[in-house]
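What follows is the residue order along each chain.
There are 2 protein chains.
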Amino acid sequence: MAGSSTITAPDWIAVDWGTSTLRVWALGREGEVLATAVSQEGMSGLAPADYEPVLMSHVRTWLPETAARSVPVIVCGMAGAKQGWKDAGYRQAPCAVFAGGEMTRIPTRDARLSVSILPGVCQMEPADVMRGEETQLAGLAATLGPVDATVCLPGTHSKWVRLEGGRIAGFRTFMTGELFSVIAGHSLLRHSIAPEGENAAAFAEAVEDMLADPAGLTGALFAIRASGLVGKADGAAARSRLSGLLIGAELAATRPQWDGKPVHVVGSGALIDAYASALETAGASPVREDAEALTLAGLKQARAAMLETQS
Amino acid sequence: MAGSSTITAPDWIAVDWGTSTLRVWALGREGEVLATAVSQEGMSGLAPADYEPVLMSHVRTWLPETAARSVPVIVCGMAGAKQGWKDAGYRQAPCAVFAGGEMTRIPTRDARLSVSILPGVCQMEPADVMRGEETQLAGLAATLGPVDATVCLPGTHSKWVRLEGGRIAGFRTFMTGELFSVIAGHSLLRHSIAPEGENAAAFAEAVEDMLADPAGLTGALFAIRASGLVGKADGAAARSRLSGLLIGAELAATRPQWDGKPVHVVGSGALIDAYASALETAGASPVREDAEALTLAGLKQARAAMLETQS
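First to last, the sequence lines map onto chains A and B.
Numbering-wise, numbering that gives the first Met the number 0 puts 90 at position 91 of the first sequence, and it's gapless, one number per residue.
Numbering-wise, numbering that gives the first Met the number 0 puts 124 at position 125 of the second sequence, and it's gapless, one number per residue.
To be clear, the hints were calculated from the coordinates, so they are not data collected in a lab.
Do not take every clue at face value.
Note that identical chains are pooled: a pair holds if it fits in a single copy or bridges any two copies.
[Said to hold, decoys possible] No farther apart than 30 Å at their CA atoms in a straight line, the calculated lysine-lysine pairs in the DSBU-like style are these: (1) K299 - K260; (2) K231 - K81; (3) K260 - K231.
Source: prediction; values computed, not measured.
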């Protein structure tokens, strides 16, 4: 947990409250970051009554001593899910990347907080949902302007989004990260896959295999186990191959979206590296975008919309 | 557990020792079944030292009182895996469905037993293994003769086998059953999938979706969850859809093997029904084959080969 420090009362507070991670920013009148806090107190470990105390533990020292003024707190992410702090609903795609005035107000015990949660985005056909990524898309669209673009947001549930004229035209979620976890952790392949380590050649070959044979995923998975039985076992190569097969399957399914076009890949660390590498293997042109920076940029859009509504 | 009963000492004993199930047959000189036993004492719950006592608990009353004659016991299945009773090795495909003389003898404490385990079959490129299915294939080939045929053996690890001139030309394993278990039990979809119940329309639609879009599996999985969030949740339909997507993915990957050809589907119960239904949805012609009967027929081939070697 990064420490929060005593600062002049912020103009407002931005919060990205995901399934496993909480990020908080104290912001000044010009949008400057006065302080930040990060913790692992994500939605998955919290009951509704936990949210205010957890938030207060990070922002208490930032707040004015009296409730003469309440500080706006704008929240995006899974805190707005049914099983989160409060259900903030969905906007339905196709829709603008960001629409002001649709936030859900949350009553708090401490009158110095004035909390609003952003809605997620849903799609009816094919059925899909996002919660948090729409804020990153708002941050990206603020930079790109009202253009057409393909955006890939890798993660536990990777999302591929088509922006048309700067709006969310449609999207599709792939269970890539979660399938990696359950297959590596709970299937027979757990005996074959090392807990860490990587092998770039095995990863690239797996991506190529899936692009060449998009239907072959469930057959290719067993071959990871069988390779270890009939040849030499290499746990790190098996780990990279599983990752490459799953990311490759995602690329095989989204080919029309990245073939011959730039793809904005929103992420950080090893995950954005893996997707950028897979896209390059496939002959596409990944453009790396910093997830945290885009989230904050998106929350700033929400703050600007809030001020516009109030003026 | 089906009880074993006192009988005249059998000519020999056939054993199918799989990952989760043990089946034992006492057989007379003409191949007639004198008695049977079934239990859930599969390989996954046993250490090497457990096998003889477990086997004895089922066959003790069948054995002669003295060790004047030892009774041949022929075992197929996962008992011959590295982590089983004893590693019985692999024959390498392409190969005959059955080859005598390659069984692994296992010393026993009780001199009335004379135990041999059949080898599995491996394939180097693409890497694959089977252990137990080769015995069912031997039983099937005994009926079909030296023909070309496509065989589907559904299960935790489904196998698709090409028989050419009655020989195993090649095969491929799909993690279909195991993926169903880990996704339904350990992923986010566990919230959407009912523990039982089925919906034939949802199953058929999922099979068709995968045949139309073979690359779409990992995207279609998340849509099961999202459907429940944006529409009405139907746990039984979600269960059938997951099953249909995974079996449909297997059919999409094996299309050249079943398109316009009969497929021998080896199994029993709900599993053979699901595969036959999926194949019919795909326009193929499933021919149902009883797994247990084929296993016993295959073990009889092994017994015949053993007698030939001895004579």
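Checked hints:
1. K299 - K260: For K299 and K260, the Cα distance is within 30 Å only inside one copy (29 Å; across copies 61 Å).
2. K231 - K81: So K231 and K81 pass the 30 Å test across copies only (15 Å; inside, 48 Å).
3. K260 - K231: neither (39 Å within a copy, 37 Å between copies)
Hint 3 from the earlier list is the only one contradicted by this structure; the remaining hints agree with it.
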